[in-house]
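Asker: Chain order of the listed sequences is A and B.
The numbering of the first sequence is this note's numbering, which starts it at 1 and goes up by one.
The numbering of the second sequence is this note's numbering, which starts it at 1001 and goes up by one.
It should be emphasised that the hints constitute simulated quantities derived from the structure, not laboratory data.
Only a predicted model underlies this, so the values are computations on that prediction, with no experimental measurement involved.
Even glycine gets a Cβ: it sits at the ideal position worked out from N, Cα and C.
Be a bit skeptical, because a hint or two may be false.
Among chain A residues calculated to face chain B with C-beta under 7 Å, some are [claimed, not checked]: (1) Tyr143; (2) Leu146; (3) Arg170; (4) Thr189; (5) Arg194; (6) Ile198; (7) Ile200; (8) Met202; (9) Thr212.
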Amino acid sequence: MQENDTPLARINPAVKLGMLLYVMVLLITTSSLQVTFALTVLAAVGVCSSGWRLPMLLLRLVPYGVLFLLTFWMMAAFGKGSAELWTFGWFRITEESLDHAWLIATRMLAFVFLSLTFVATTDPTRFVMSLIHQCRLPVRLAYGFLAGLRFIPIFRQAIRTIRQARRVRRQRSIWPWQTFFAISLPLFTTSIIRSEQIAIAMEARQFQTNRTYYVRPIVTRFDLLFFGLVSSIATSLRLFV
Amino acid sequence: MQCAHLSVRYPDQDSPVLHDLSITIQKGETTLLVGPSGSGKTTFLHVLAGLLPDTIEADVTGHWSTEGTVGILFQQPDDQFCMQTVGAEIAFSLENRQIARSEMEERIPLLLARVGLDLALTTPIAELSGGMKQRLALACVLALEPDILLLDEPTAQLDPSGQRTMMHLIEELHRDPDLTLVLIEHQIDQCVTFADRVLVFESGRLLLDDTPYDVFHQQRDVMTALGIAMPLLYPYGLETLPELSGQACHLKKRPVERRAVGTERTFELTRVRVKRGKRTILNDFSWTTFSGQWIMLVGRNGAGKSTVLETLAKLLPSQGDIRLFDTPLRKWSDRTYYQQVGFVFQQPDFQFLKQTVTDELAISCATFDPERVQTALRHYRLTDVADQSPLALSLGQKRRLSVATMLLERKAVLLLDEPTFGQDAETTAHIIDVLHQAREAGTTVIMVTHDMELVHRYADRVVVIGEERVQFDGTPLELFQEEALLEQNQLFRPVSFLYQQLEEVKHRAGKRHTARAY
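Turn these sequences into a full structure, and let the hints steer you where they fit.
Answerer: This is how it looks when you write it as structure tokens:
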């Protein structure tokens, strides 16, 4: 997660999240292919204005593209229906299953676009702070989450070291879950000890729920305007396409 | 700040950590706590910080009280932060004290300036070096405006230049007459000069309570018997150290006697380019190592010393020609390569693969031999913990085990990433002894270190890495002459070298106490 200087990044994170959730709800409640397409285009506009340069964006979308094709194939080839188009072995593509495949795969893609838009334009600290102020998230939980975020790079480094150590010490596992346990066990034990220490350190710095805030996101008129604009576009797409 | 008849026992232990302790510390005093590891120093600090028994579960009896607010700085730089950026982290302390937001904007830059950090407020904490993190942690504690500042080995996890900066900051804080300082520190040389009082702990009891001079000079024998690291010079200076004192004998020790370096080539590198991600660490690196050579890699933080080791260990890709025994690296299979080459990681936690110490040693033997495992357990003093999980060991035990796993089979090359870092004097001595034996047996030992005393006494060859090239490659004594180079790479000459040099100057001058070497 990161923050950049696109207009989307300036919107209050809680408002932005609410807006994206609203579009997602609209997507779930429709079974019309046209509406889903229209909302996907809206989501695509969002992800294109999230500040990632096009080559970078396409690179990040590659795994989701594969997922799109897989979903499409699964839904199309194994679906039910009577109007048969093509059969081969177990695969049986019907008109109904093809329609269904388009719907589900496009819906999935729209979800991916919406989530990426959010991730690309939101700073985690500001997001959590916004949840505290706008959604009344308990402070202890919020700061615990923020402290936990710091573990991600630490974990990455630790996993790398464990892999290297296994290589140097010529320990190959026969089954994949053995590798999983070999990596996760030391990771868990060390992170329990470390999180305890961080908790003690936070406590020692007089952590309390009664506090002032350095970062205090507020809901501006611009946020409301934006929310109104996007939700009305989405609603009209849902209702009138 | 005082406590009377204070006893502390942790729930999972039979005997108390602190036993009937009565201590009064005056306002504005600077107190140094010393004692062997496990003697209860840290627990005492936690009690003073008010963390026991509310935050850390423990059985506490007796009376204790502190006047004013307390701030505590911990040993691990990484485990004290909960935010992502420098500004937000300091703000976290201010938020807790309910300082208004407008005031935070003014205070944060002032606090950063006070600890000598010149950083943008949006700098991610993950990008800072250990020394900078610890200074930031100090700024966060100072943001609480404490009357009492507790410091738990603040420099133990830092490199020498980080240690010096931190100690200067602490000395400056000591000058504040209203601030009470309580400090646990193993780098006694740097803080003994400004401490008002020294408390010596031994298995939960107060053994000595006196001025630094009395403790470290008069009671020297008692302290040595406890295995506590002693200051190298105190109470003398480099030039006033009496020739016959124990410290002088220690400093006079010349580099150890050893066999000549072998003639058999181990590694041979021609025009190698070492990279980490997209960053080039070394360009055009040509190098030959020989059997029975002890090479130490030094350089400033982030210069890429560990990356060089990982490249030699065939863990990172490289461009150019690297050969071991005249065979290119890519022609070696992993199986045969790691029979010849051992690697000791900086963090021992992540190199253990088995559930018990015995198993850990057993998988390190080429053929399983219980007899050898038992001998190794004894040799590395791990017999008592043979059935425990390697992760449950103490720091020193972990380090000994990690070295043991690599040295059970004879290796042609042993690569070590800061093996003595953060270890107590005893473990360091033990590891160095083991490595010395391996070297005598013909192993090429290549290790990254910050400890210049070790470089002086043991290195056959020292390599300074920095700014994408090898800045120096030669003997330690040659390196110590290169003043500009040392300074540029944040390296310091060891006290033992300085003393010996001074002695030599005195000797040449033919008279004592008049010569000034620098």
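Asker: With reference to the structure, classify each hint as holding or not holding.
Answerer: Structure-based check of all given hints:
For the restraint placing Tyr143(A) at the interface with chain B, the shortest Cβ-Cβ distance is roughly 6 Å, inside the 7 Å limit, so the hint holds. For Leu146(A), the shortest C-beta to C-beta distance to chain B is roughly 6 Å, which falls under 7 Å, so the interface hint holds. Evaluation of the Arg170(A) hint against chain B yields a held restraint, the C-beta minimum of about 6 Å falling below 7 Å. At about 5 Å, the closest approach between the beta carbon of Thr189(A) and any beta carbon in chain B falls short of 7 Å, and the interface hint on this residue holds.
Hint status for Arg194(A): holds, given a least beta-carbon distance of 5 Å to chain B, under 7 Å. The restraint placing Ile198(A) at the interface with chain B holds, with a minimum CB-CB distance near 5 Å, inside the 7 Å limit. Hint status for Ile200(A): holds, given a least beta-carbon distance of 6 Å to chain B, under 7 Å. For Met202(A), the shortest C-beta to C-beta distance to chain B is roughly 6 Å, which falls under 7 Å, so the interface hint holds.
At about 5 Å, the closest approach between the beta carbon of Thr212(A) and any beta carbon in chain B falls short of 7 Å, and the interface hint on this residue holds.
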